[in-house]
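As they're listed, the protein sequences go chains E and W.
When you read off a place in the first sequence, starting at 1, and then add 543, the result is the number in the numbering used here.
When you read off a place in the second sequence, starting at 1, and then add 2, the result is the number in the numbering used here.
Since the hints were derived computationally from the structure, they do not count as laboratory data.
In this text, a Cβ means the ideal position worked out from N, Cα and C, and glycines have one as well.
Careful, some of the hints might be misleading.
As the list claims (entries may be wrong) - Here's a subset of chain W near chain E, in silico, CB distances under 7 Å, partners left out:
hint : residue
1    : N72
2    : Q81
3    : K88
4    : T99
5    : D128
6    : M317
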Amino acid sequence: MVLEKMDGNDSNEKDRKILAEANIFFTNLQKLFNWGRARSFWPLNYGSNCCPIEMMASGLARFDIARFGYEVFRSCPRQADLLVVAGPVTIKLRPVLERLWAQMPEPKWVVALGNCACSGGPFKDGYSIYPGADSILPVDVYIPGCPPRPEAFFYGLLELKKKVEQTDYSRYDEWKKAKKLAKKEDKEVRKRREKEEERL
Amino acid sequence: MNVIENLFTGLGAMIYDFLIWLTLPDWLAAVILLFLKWLLIILVVIVDVIILIWLERKISGYIQQRLGPNRLGPGGCFQTIADTLKLMGKEDIIPRTADKVLFVIAPAMFIIVAVMLYAVVPMGKDMMIVDFDLSMLFFISVASLGTLALFMGGWGSDNKWSLMGAMRAVAQMISYEVPLAFSLLGVVMITGSLQFSEIVAAQENIWFVFLQPIAFVTYFIAATAELNRGPFDMPEAEQELTAGPYTEYTGMRWALFFLAEYTNLVAVCLMCSAVFFGGWHGPAFLPSWAWMFIKAYFFILVFFWIKWTLPRIRMDKLMEFSWKFLVPVSLGNVLLTGVGLMLFR
Ligand code: SF4
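Only chain W is shown next, with the shape it has when bound in the complex (with noise of 0.2 Å):
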């Protein structure tokens, strides 16, 4: 059992040994590994994505009474792998009246934020790459910062429906920013740290969700509209914008578009299973980066559940709902929690 637990922790481990056993320096060896454990994320990363499209394509055909892909591979699970194919060999289409450098960089820097989330956020027990103090404001902060690379995509591509997206996503994401973060608060006034070790610890026993369901409720909400799922994908509303910011993009850079929304929602999935549901606190009997794991696929399911179910809700009500609903319910939270902490400790 231990040996399962400690695969990942004890093969870096292992590696470090190595390299100073090829007397290279400490801080060498040190670099090494971390760019050992980012390729390591980055292929997690991908092969979470083709099975997530694949499992996305296949549960909406369930839900509506379809059977989805099933021609390629057993369920049809090579389709995502055909798809890659062919994007990689689409025409890569700049418009002329584009601005270039903005347009290029959009998807890269969109994709780079997404992984940078990867940093902080723990996918099992000491399985972080870094775990510093701050590392909660680190994951807020980094993720508003994906609102600017759709801007960048809406606004270089020089079209009106890729810069009518690029607003919304703006308007979007700096209105549900402010419930996520309130909604946040109220574990961080529990526990006192913003490091994610030190929350996931302090469910030892008992979870968030129990102390904190408002705070839960709120941030799911919130975090669905951050990542432009539906109900709340305005940016990309298909019937009025074609594709909001995407309209111009072909190819591998819709695609890198795509990898970077569907590895935000990984990330925002993990978050959501350490800072509310225990982390990787579980019966003993699986390893705790599986218990993480299972959590987030959970969380990932409810999300594409929610998308396929609900319609898409208008865009001023989406603000309404925001600002004269979540923001005040998340606030009283934060109140709650303050009178509790008095009572109770």
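Extracted from the complex, chain E is given alone in its bound form (with noise of 0.2 Å):
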């Protein structure tokens, strides 16, 4: 679309203009902090049943994360990029899951760990269980198993790096007008959750 635009001179000003418009000449720079991201994600120490025992195994001597560079885990979600979402999200862990997710600094990703992360798993039919942590959060890569194995976190890890390798950032204003939105939206969510609350 922007190469029909041009009249296909390199050095000429419009070009030039049409093709920052597109955002044509970030893209190295965006190749360069995406490679970056992609290879060191840093969890946040975060979670709530039986599927956290293997993120643990994951870290340890047998398995041992660190050899892709994500061995960092964080406490403080101040520093973190990654939430691993693991175990089942019930409806009293919904506000500190989100204001955890809420406090983690841009760019960041969700990785639901486990059948009950991704769907809910064996409690689905739950009375405070969601379905699925994508009922709250925007998860990026879903890795299935009652509990998934270690090598399984590694895969959906490795996954995630590429889809973090092919983010394009030059839909910056895009994003933006979406973040508003989004802020509208949450003033929605904050009071159905009071009503919720409320009902609890």
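Please assemble the complex out of the two chains, which come individually in their own frames, going by the hints.
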């Protein structure tokens, strides 16, 4: 689309403007940052049931998540980039999880580890369980299993790595608009939650 | 051999001569040379830290029977670069209730204080930026300024964990400053000087670690606590305080704190090798600055080893250990040194 608008001369002022509008001058730097981001996820130290045990096992000698450089489990959301939702998300847990997610700085990602986080798993009909983490968070990668083995966890992280490497940040304006919308929605969500809390 | 030995000092003299040849006034040439030296030091520090972080992750892996990072480059040595790139691209969050000025200044101050230490630390024979007669006093007093930066960060971020971590940092650093200074006093009594170049020159025949073994041990323990490294990393005890004074910091601001901690580590290790292990003295097949760095790196590895093998000790035990054990022992060492000097001199 951009190429059609240009008249084929690289040094042309007009062409450069069109390119700039399409953020083409931006791509190489973006590639560099994506390269770095994809190779250093620092997961948040979070877990709520049996799946985190597998997450812990993945950090120990037998599986060693450190090989990929993802071993820096931060206990503070301010320095983490990856929220691994391991275990079921209950109604009571929701405000905590939402707050943790909001406290993490952009760019950030969510991985749903285990059936519980993917879809509610064995508890999905429970009165206090959300059917999957994606009902409250934007999940990037789903890792099914009850619990998934550490190898599966690594596979999921490597899939996320592929995804991050292909991320295109040039749609910044659209992202900003979406964020504004999200803020509006946030208010509604809060109202709904307050109602829910009252009900409980 | 002489060329390698005099590589940096000769280069400095050459640049100075060149600036004079450009008909610059003396003082301007000196100032420009000083800035060039600072640039070199900052470069050395940054490269050092990048290597050290990778080394620490690798060594901690080996200690725990893991492999450590090994996917990125040979032996995973580009891992730190990827991390740095990611940290540079992170969102910069300043909490709404934070004291903005303190919050922003704190990391910068911490790193500035850490780099200031290199003004007096010897890096080789005749390789100090300034060499004046109170350089050891300068080192100790500037090193204790880092506490203030931590406290500023902890207070400014308006978070209970930050504040608690900062309080712990202050308590710990103040109480370990005392045995640190006392253990260095023994060396100062023997040489009768606070100047690093004289202290190192006095170790031509025998290293002070053999004359002052108790002082060395107390210095090493107190330095571990001063650096907030395990087993004394109470201020940022992750399991109880999330990240201590750094809790609210994101991205590059947090990375600055981290950078400063490693910078401090290198400075303290250089100091340790200068004061107790003969500084640049060593067999002549290597230049003096190489000996300095080999010794310093040895101590850095010992610090890593200690951190990854010993569990963290409790806060009250930590204070008890300082006031009830280290302070009396280092004071006793001062007495012993005095008596020894009376008898053998
Ligand atoms: S998916 Fe299975 S193992 Fe994981 S938290 Fe749910 S019940 Fe436990």
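Status of the hints after comparison with the structure:
At about 5 Å, the closest approach between the beta carbon of N72 of chain W and any beta carbon in chain E falls short of 7 Å, and the interface hint on this residue holds. Because the beta carbon of Q81 of chain W sits about 5 Å from the nearest beta carbon in chain E, less than 7 Å, this interface hint is met. Nearest Cβ of chain E to the Cβ of K88 of chain W: about 5 Å, under the 7 Å cut. The hint holds. Annotation: interface hint on T99 of chain W violated; nearest CB of chain E at approximately 14 Å, more than 7 Å.
This hint is violated: D128 of chain W has a C-beta 40 Å from the nearest C-beta of chain E, more than the 7 Å allowed. At a threshold of 7 Å, the smallest CB-CB gap from M317 of chain W to chain E is about 18 Å, leaving the interface hint violated.
Of the numbered hints stated above, those contradicted by the structure are hints 4, 5, 6, listed in ascending order.
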